[in-house]
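Visitor: Each chain, letter by letter, is given below.
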Amino acid sequence: MTTDIKLPELGENIEEADVLSVLVSEGDQVFKDDPIIEIETEKATIEVPSFLEGTVSRVAVSAGDTVEVGQVILTLDASEDGEPQASTREEESRPAEPAGRGVTTAEPPPEVTAPASSPPIAPPPHIPASEEGALPVFASPSTRTFAREIGVDVRQVRGSGPGGRISDEDVKLHSRTLAFAGPTAETVRPLPDFSEFGPIERIPMSRVRRTIAEHVGQAASTIPHVTLFESADVTEVEEMRSRNKSKSEAAGGKLTITAIVIKVVAGALEAFPMVNASLDAKRREIVLKRYFHVGVAADTDRGLVVPVIRDVDRKNIIDISVELTKLAAKARSGKLSLGELQGGNIAVTNLGGLGTGHFTPIINAPDVAILGVGRAELRPVYGESGLEPRLIAPLSLSFDHRVIDGADGARFLHWIVDALGKPQPLAFEG
Amino acid sequence: MSQAGEKLRIAVIGAGPGGYPAAFHAADLGMDVTLIDPEPNPGGVCLYRGCIPSKALLHAAGVIRESERAAELGIRFPPPEVDLEGLRGWKDKTVRQLTGGLGMLRDRRKVDYVQGWARFLDAHALEVTGPGGDEVRVEFDYAIVATGSRPATVPALDLDSPRVMDSTEALALNDVPTSLLVVGGGYIGLELGTVYAALGTSVTVVEMTSGLLPGVDRDLVDVLQRRLEGDLDRILLDTKVVDIAESGAGLRVELSPQSDESGGEYEKVLVSVGRRPNSENLGLESTDAEVSDQGFILTDSQRRTGEPSIFAIGDVAGEPMLAHKATGEARVAVDAIAGHPSAFDPSAVPAVVFTDPEIAWCGLTETEADKANVRVEVATYPWVASGRAATLSRRDGLTKLIVQPRTERILGMGIVGPGAGELIAEGVLAVEMGARVKDLELTIHPHPTLSESLMESAGVFFGVSPHYIARRRG
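Chains A and B, in that order, give the protein sequences.
The numbering used here applies: residue 47 is where the first sequence begins, and numbers increase by one.
The numbering used here applies: residue 276 is where the second sequence begins, and numbers increase by one.
One thing to keep in mind: the hints can contain errors.
Here are the in silico distance ranges between beta carbons for each label pair [stated by the list, open to error]: (1) B:Arg371 x A:Gln75: 29 to 39 angstroms; (2) B:Leu380 x A:Gly197: 45 to 55 angstroms; (3) A:Ser67 x B:Ser668: 38 to 48 angstroms; (4) B:Thr724 x A:Pro208: 41 to 51 angstroms; (5) B:Arg493 x A:Gly197: 38 to 48 angstroms; (6) A:Gln75 x B:Glu521: 33 to 43 angstroms; (7) A:Leu384 x B:Thr724: 49 to 59 angstroms; (8) A:Gln75 x B:Ala447: 48 to 58 angstroms; (9) B:Ala346 x A:Ser67: 51 to 61 angstroms.
Partial chain B-side listing against chain A, Cβ under 10 angstroms, derived [unchecked claim]: (10) Arg383; (11) Asp620; (12) Pro680; (13) Thr682; (14) Ala710; (15) Arg711; (16) Lys713; (17) Thr724.
Looking from chain A toward chain B, a few residues come up when the C-beta cut is under 10 angstroms (computed) [to be verified]: (18) Pro182; (19) Thr191; (20) Val200; (21) Gly210; (22) Gly244; (23) Tyr337; (24) Ala375.
Derived by calculation from the structure, the hints in this document are not laboratory data.
We put the beta carbon where it would ideally sit given N, CA and C, even for glycine.
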């Protein structure tokens, strides 16, 4: 029985990839999880594994081709015990890791190894039982020693050298990844058997869900978050929004408070360069960015995505509102490109539409801050002429205390509150 | 335990190629070392009764064989006259020089040497019984057991006769019997059988399994076997020794199946059916160290036993029972004691059979790959295409690479031919460094040498060996 092996979905919004090399040829026997082609996406170089076992009867791609998700890579004459498992197949393919983590792999996660203080073991068997166990580590003795010295299990390191050879640099990279990794399978406590308490259903995590889980899990466990709550008087902002909304509509957009907040945040970034930054912990440097891209959290059926509006400092609010409208539509239909999801310096997340007040947003690493906007409500405020009804929006700023101290965070948030309170200088046009 | 600032006290039991390097390395790291061994000088089986005397005798055998083969080259020698006393004297002198040298190195390092047999009293004390029956107590922070192994026997061969030899007695070279039955076609039996055959003994090898050197790749063994069939009287495979009995001037041996032409009478019998670890009579039961059913002391990757203060290395700690493995483990164990994160994790432990031709291999063998279901590609270069082999009049060797197909990484190497034991070192380095076939192919090798066969075998892998036209890879 022949089966077509197609390019699996590679993760959020990756629709095509370039073939770097084809790792099998016609007539080759492949086993489940054997890598068959190596591809490159904007995010990563990935080895695509076969999801079943069989003999390659046809190779449909060659190095240099651009392949779309779902396109046939090769045809397998499947062996009996390697029947395709269509229901699980999609979940077999793994998403690319979030950007900024370098080369990633489509191979299954390595096994957890015994701790150093393991009890005595039998003499090493002369003929190892499984292929993985049989093959020595693809690293020189000095590299293996180096890995031991810094506490890295070299069997878990992915080699970047020719054929996958592991270098000292690969060991360092792995060590760095470990240092930034959140709780892993090793540290997650076993779950109780919920079915003892009542009926349950188990559903697989979608790729987007898994990516979000990993991304926010890592951010939450590695970044020392501080969250400040403030309230901004957006009465005048709202008046200006009403006055200008027809201009936005004329240009195909919808003018929202979020568009105005994005513009204000970009101004705040210009005033506070330390917030427009990322931490390079390995080099013990802070990367200051001379551009002003602002991400916006968008709620979609598939989960959270954060498209980015670039060069906000050079755009007026109407332009921003139009771009934001387009990005939101693309996000909902799952059409955002990789480029539209990358390069943000700070994110704005607005839960006001759902009635939320203050909350504690998680930083979208490698950003160092995120601004949460809650539902604006009319409140009685003592002004110069006594109690006045003012429209008050709750703002929540989370920042990375490794880079930004509390007072600086407070100043940054105050700047935003003040700017929203006196919006006259804001450029809606021109 | 020693107090802060005091030297760590290390006791090393056994001064073979595991024990003496352990003692020397510990002394070099500033530890207070006691080395315990029954012999007056370090060396162990390897130097006194193993590697070194056997290689000395194999060299002598090689000289005899070379002189015979010289006729092919147009040089004729009269048959050699063997002065057995002279040969034995030279062999013993070689051993004395090396062990004496180790004794000097030991003294220079101020290693405390206690001659005798050690027994553990508990996890931090030993009792050593000297050759004169005197007893000494040795206390230690850490002990390293390196007591090695001894020739194994089987009940059918358990005859108390001076005509039944083990490898130690065979190496003593007391006489050259007219006929010798070697029981066991492993490397010890073949090496010693080769020696006696060259000295003029009619040698029969009997092996229980279907081939010589069980476990070694057949294509390598085949080359050796073809030559042995000329040098030895008979090679009996799939054959067991059922009984041995004294019979007049020799030994009557009953084989199963009985060989029609074997006659069953031999002047001497050499029993070489393997080696057993020396883990008994050490008092290990007074500690938490554990011993496997095969008699090996169980250890972790640092060679630490179940008793945290006791390590075990070398033959007594598991296969492969090879001197250089013991030396490697010595370093790992001492570094672990010194607090370094060491581990014994070689990618390739080389093995050499010093017959003529030699067989050497390292890393994964084709046989192991088959057994473990590891997919490999094998590239073989026959020495018939080697210029150097032709000038040596030895064109029967071959060099093979075991390669992981996907990465083209060299996982193992096997060589049969004169000098294979020296050539394999490059293979060990290739496997340890994770060399790919391309690396070996593009490394310039000196011409004309047998080492070119390694480069050429890499060429075979790619179908581009200049001197050998192999089928191109699909």
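Visitor: Next, verify each hint and record whether it holds.
Guide: Evaluated hints:
1. B:Arg371 x A:Gln75: 29 to 39 angstroms: violated (58 angstroms)
2. B:Leu380 x A:Gly197: 45 to 55 angstroms: At roughly 36 angstroms between Cβ atoms, Gly197 of chain A and Leu380 of chain B fall outside 45 to 55 angstroms, so the hint is violated.
3. A:Ser67 x B:Ser668: 38 to 48 angstroms: With a Cβ separation near 46 angstroms, Ser67 of chain A and Ser668 of chain B satisfy 38 to 48 angstroms, so the hint holds.
4. B:Thr724 x A:Pro208: 41 to 51 angstroms: violated (27 angstroms)
5. B:Arg493 x A:Gly197: 38 to 48 angstroms: Because 43 angstroms falls inside the window, the suggested range holds.
6. A:Gln75 x B:Glu521: 33 to 43 angstroms: violated (59 angstroms)
7. A:Leu384 x B:Thr724: 49 to 59 angstroms: holds (55 angstroms)
8. A:Gln75 x B:Ala447: 48 to 58 angstroms: Holds - the Cβ-Cβ distance for Gln75 of chain A and Ala447 of chain B, about 55 angstroms, lies within 48 to 58 angstroms.
9. B:Ala346 x A:Ser67: 51 to 61 angstroms: At roughly 56 angstroms between Cβ atoms, Ser67 of chain A and Ala346 of chain B fall inside 51 to 61 angstroms, so the hint holds.
10. Arg383: violated (28 angstroms)
11. Asp620: holds (6 angstroms)
12. Pro680: With Cβ-Cβ at 9 angstroms, under 10 angstroms, it holds.
13. Thr682: Constraint on Thr682 of chain B satisfied, holds at 3 angstroms.
14. Ala710: holds (9 angstroms)
15. Arg711: holds (5 angstroms)
16. Lys713: Nearest chain A Cβ about 8 angstroms off; hint holds.
17. Thr724: Violated - the Cβ of Thr724 of chain B stays beyond 10 angstroms from chain A, reaching only about 25 angstroms at its closest.
18. Pro182: Hint holds; Pro182 of chain A Cβ to chain B Cβ min 3 angstroms, cut 10 angstroms.
19. Thr191: With a closest approach of 8 angstroms, the Thr191 of chain A hint holds.
20. Val200: Status holds, d = 9 angstroms.
21. Gly210: With a closest approach of 5 angstroms, the Gly210 of chain A hint holds.
22. Gly244: violated (45 angstroms)
23. Tyr337: Cβ of Tyr337 of chain A sits 41 angstroms from chain B, so the hint is violated.
24. Ala375: violated (44 angstroms)
In this structure, the earlier hints numbered 1, 2, 4, 6, 10, 17, 22, 23 and 24 are contradicted, and the remaining ones agree with it.
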